[in-house]
Amino acid sequence: NAGVTQTPKFQVLKTGQSMTLQCAQDMNHNSMYWYRQDPGMGLRLIYYSASEGTTDKGEVPNGYNVSRLNKREFSLRLESAAPSQTSVYFCASSEEGGQPQHFGDGTRLSIL
Amino acid sequence: AQSVTQPDIHITVSEGASLELRCNYSYGATPYLFWYVQSPGQGLQLLLKYFSGDTLVQGIKGFEAEFKRSQSSFNLRKPSVHWSDAAEYFCAVVRGTGGFKTIFGAGTRLFVKA
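Quick note, the sequences are listed as chains A and B, same order. Here the first sequence stands for residues 580 to 691, numbered as in my numbering. Here the second sequence stands for residues 384 to 497, numbered as in my numbering.
To be clear, the hints were calculated from the coordinates, so they are not data collected in a lab. If you're wondering where the values come from, they're calculated on a predicted model, not measured in any experiment. All C-beta atoms, glycine included, are put in the ideal place defined by N, C-alpha and C. Hints may be right or wrong, so weigh each one.
Said to hold, decoys possible - Derived CB-CB ranges, DEER-like:
id, chain 1, residue 1, chain 2, residue 2, range
1, B, 436, A, 630, 22 to 32 Å
2, B, 492, A, 588, 15 to 25 Å
3, B, 423, A, 665, 15 to 25 Å
4, B, 394, A, 665, 25 to 35 Å
5, A, 598, B, 463, 42 to 52 Å
6, A, 663, B, 465, 37 to 47 Å
7, A, 609, B, 449, 44 to 54 Å
8, A, 591, B, 423, 16 to 26 Å
9, A, 594, B, 435, 45 to 55 Å
10, B, 463, A, 631, 25 to 35 Å
11, A, 665, B, 439, 35 to 45 Å
12, A, 591, B, 399, 35 to 45 Å
So here's chain A without its partners, still in its complex pose (with noise of 0.2 Å):
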């Protein structure tokens, strides 16, 4: 009973670093998303992907990409990692499009 896995749990990199959290669900979900969460903000969305082949910007996009791989995977990269993205990530999937049903356990990302 996996439902949405997140990789990795942590990571520590130095600004300037690229790096890519995977994430994938195994309930045949058509809608995926990332966001991050910081102390006191709640949740906000990064990068959605509606269904396969589709991705589009949330709330925070900037300094983000993401890659719908298949129906399954849905990763989110960081090109040049900066200490203002040190955060926790999550990503969710829902069976159609609107809030998040299923969320991994998050990675937890420091960037020095």
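Add chain B to chain A, keeping to what the hints say.
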């Protein structure tokens, strides 16, 4: 612009006592409203949702929420809190016309004392 306000950053209740977490939203049309719970080190879990119809909705884990259009509120309640309910709770709103812009509140952390 849409917004969601959770006025209480944290709340402490005694085990067995009742709970109410407040949520106010700002949105012109009929919103879709949600409550999520996040246990430490984990992702969010959907507790309940309101789309339309009966303004009192039941969710998982014994939670319920009431939509009050006149007050722009969607408060979460539980009659008797258990120690395992200690977590952070998030209210969220999605445009009634669909779309992917779920707006989350900043969260309320619930502490449960024995």
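Hints and how they fare:
The given range of 22 to 32 Å is respected by residue 436 of chain B and residue 630 of chain A, whose C-beta atoms sit roughly 28 Å from each other. Range check, residue 492 of chain B to residue 588 of chain A: Cβ separation about 22 Å, and the 15 to 25 Å hint holds. Taking the beta carbon of each, residue 423 of chain B and residue 665 of chain A are about 19 Å apart, inside 15 to 25 Å as hinted. Taken as a hint, the range 25 to 35 Å holds for the pair residue 394 of chain B and residue 665 of chain A, whose Cβ atoms sit roughly 28 Å apart.
Here the CB-CB span from residue 598 of chain A to residue 463 of chain B is close to 45 Å, well matched to the stated 42 to 52 Å. For residue 663 of chain A paired with residue 465 of chain B, a C-beta distance near 38 Å keeps the hint of 37 to 47 Å intact. The hinted window of 44 to 54 Å between residue 609 of chain A and residue 449 of chain B is violated, with their beta carbons roughly 31 Å apart. Our hint of 16 to 26 Å for residue 591 of chain A and residue 423 of chain B holds, since their Cβ atoms are close to 20 Å apart.
Between residue 594 of chain A and residue 435 of chain B the beta carbons are some 48 Å apart, a value that agrees with the proposed interval 45 to 55 Å. Restraint check, residue 463 of chain B to residue 631 of chain A: a C-beta distance of roughly 44 Å breaks the suggested window 25 to 35 Å. Between residue 665 of chain A and residue 439 of chain B the beta carbon distance is about 41 Å. The supplied range of 35 to 45 Å therefore holds. The hinted range of 35 to 45 Å is satisfied by residue 591 of chain A and residue 399 of chain B, whose Cβ atoms lie roughly 42 Å apart.
Consistency note: the structure conflicts with the earlier hints numbered 7 and 10.
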